[in-house]
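Just need the whole structure built from these sequences, with the hints factored in.
2 protein chains.
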Amino acid sequence: MQNVTLSFTEISQSLGPLIDAALDARTQLGDGCPARLREAMRYSLLAPGKRIRPLLVLLAARACGGEIESAMPAACAVEMIHAYSLIHDDLPAMDDDDLRRGQPTCHKAFDEATAILAGDALLPLAFETLAREIEPPATAVACCVALAQAAGACNMAGGQADDVEAGKRNDECGIMNDELTNIQHSSFNIHHSLLESIHHRKTGAMIRVSLRLGAMVAGADEVELAALDEYGRRLGLVFQITDDLLDVQSTEVEMGKRTGKDARRGKLTFPGILGLDRSTQYARQLVVEACRAVAGFGPQADGLRALAQYVLERNR
Amino acid sequence: MQNVTLSFTEISQSLGPLIDAALDARTQLGDGCPARLREAMRYSLLAPGKRIRPLLVLLAARACGGEIESAMPAACAVEMIHAYSLIHDDLPAMDDDDLRRGQPTCHKAFDEATAILAGDALLPLAFETLAREIEPPATAVACCVALAQAAGACNMAGGQADDVEAGKRNDECGIMNDELTNIQHSSFNIHHSLLESIHHRKTGAMIRVSLRLGAMVAGADEVELAALDEYGRRLGLVFQITDDLLDVQSTEVEMGKRTGKDARRGKLTFPGILGLDRSTQYARQLVVEACRAVAGFGPQADGLRALAQYVLERNR
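Going line by line, the protein sequences match chains A and B. The opening residue of the first sequence carries number 92 in my numbering; numbering runs sequentially from there. The opening residue of the second sequence carries number 92 in my numbering; numbering runs sequentially from there.
Simulated from the structure, these hints should not be mistaken for lab results. A hint or two may mislead.
If chains are identical, the list can't say which one is meant, so a pair holds when it fits in one copy or spans any two.
[Claimed, not checked] Think about it this way: if two alpha-carbon atoms lie no more than 16 Å apart in a straight line, the pair counts; the simulated EDC-like pairs of lysine to aspartate or glutamate are:
| no. | residue 1 | residue 2 |
| --- | --- | --- |
| 1 | Lys259 | Asp312 |
| 2 | Lys141 | Asp334 |
| 3 | Lys259 | Asp202 |
| 4 | Lys259 | Glu203 |
| 5 | Lys259 | Asp122 |
| 6 | Lys259 | Glu313 |
| 7 | Lys199 | Asp189 |
Okay, structure coming up:
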């Protein structure tokens, strides 16, 4: 990590506008799309965000010697899936959130039916983008399979189902997160492994598939795919740990979404199970391992190293 | 129509069990999928249904000289999209229905969060099924694009958004459907065309894409695709008209879902705008035209003719 020459800010400033323009172009949506539905889709998709997942697609493509431009459809597809999942996760029946990326959530800005349908419409648009734009067809097909698996019942949707369920169970018992640490010390390992299992599926799978799509579009070989997956597994956990830490330590204004909610809901979190200090140490160690996993790519993976460092140090 | 030799019952009895077995096999879903989520997906997907859309895939493939077996993945994919759309349409924030296919709707049998996620997980599974199983890759890609468009913002999701919106507007004005006929006689054509536009997108697009997928898998040419699309446009309307008629004329027990709800909600319907008799006549005429459109396929299209006749005469 000493040799990180590229900063995340530079990467974000150079690639961010390209990603936003590409998302904008793919959501103009012509005849037949009701104006309000299009507006809701664009409201959530184009809301200011860190664009971590599309950046991972593009940086993975670059690490494997591919072009940013050919990877852009895949970058858009993962961001569409991510935006849909945020819209649905925020619904009253799920996490019931009012604020996201510093603005009212989709169902608050529009209405619940429109929010459900905006998510439902972003999902097929992601697959349409891959199928229509990725070349050759065999690569497009492989990308569709990988993205569908990451978003599906065994990964993102399943992780969210388990997460909602775990929160509900703790709610019913009236257990708060800081109590959880004491009460369940004996079952520490069980909770740690359940927590990692939820996050590997809920957050990790989309992070890993982002890297995979970028690499596939760039024609990566199995060794490169495996190295990026090692990086992605660790980055996904770092992402979740820092998310949990920010939920405890940040204010609503800094984060642009409600904070302190994990504890209120009795959700399993890393600081809740490991404590603040050990969570921070664990995240640092994972970043070192993530950077080591992509050492073989040389300077072409500088962007991935800078991004991992950013995820560790981010304050929102 | 005089030369219909195959009955819908025969078709349904021979192909129905094959479709159900194929759907069952594709929703076993291994590691990572929470049991409750899998149960909810299967509850809705495998509920007794007419399987009109997968039958259209298989019958279109047969009309174009293709094999039932190679078209089966596409048949499963359209039924997965259909099942997801029913789950989400039934949600409290949408049509708020308690009964579907004679059993409690998914969010009643499970809970709202699980129902949203079951729909969200069926959607990518449909694309995974196409991408993984359809050969060659170029055909798989074309199938993904076609299905994504049919399910997306400009078609199914958009039609549903307009439908919910139209219902809400009429609710607010306190207008009931039978009043609508009198009040809006002068704007009859506007309403008729809005109604057809909603249904072409909400129901019609999925019916047409079912035929298209079956035909593409069978290697159909442009002339065959166009003929099936003509058939599909008409069948989609017949389907909606008879659905509207059944909502007025049937009992809840016969239909396995709540009836009379369109009028209560002030939804635009064919009997509401054309009256009962003219709606029935219109449906008959459309079936004649649909059968004429597939005349060129000869006896290979007998199944499609039988299905159109069934849709006209069905009582649930």
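Comparing the hints with the structure gives:
1. Lys259 with Asp312: Result: close neither inside a copy nor across copies, 43 Å intra and 54 Å inter.
2. Lys141 with Asp334: The answer is within: 13 Å in one copy meets 16 Å, while 46 Å across copies does not.
3. Lys259 with Asp202: Between. Shortest inter-copy distance 12 Å satisfies the 16 Å Cα cut-off; intra-copy 25 Å does not.
4. Lys259 with Glu203: between (22 Å within a copy, 13 Å between copies)
5. Lys259 with Asp122: Intra 42 Å, inter 22 Å, cutoff 16 Å: neither.
6. Lys259 with Glu313: Intra 41 Å, inter 53 Å, cutoff 16 Å: neither.
7. Lys199 with Asp189: Within one copy, since 6 Å is at most 16 Å while 25 Å is not.
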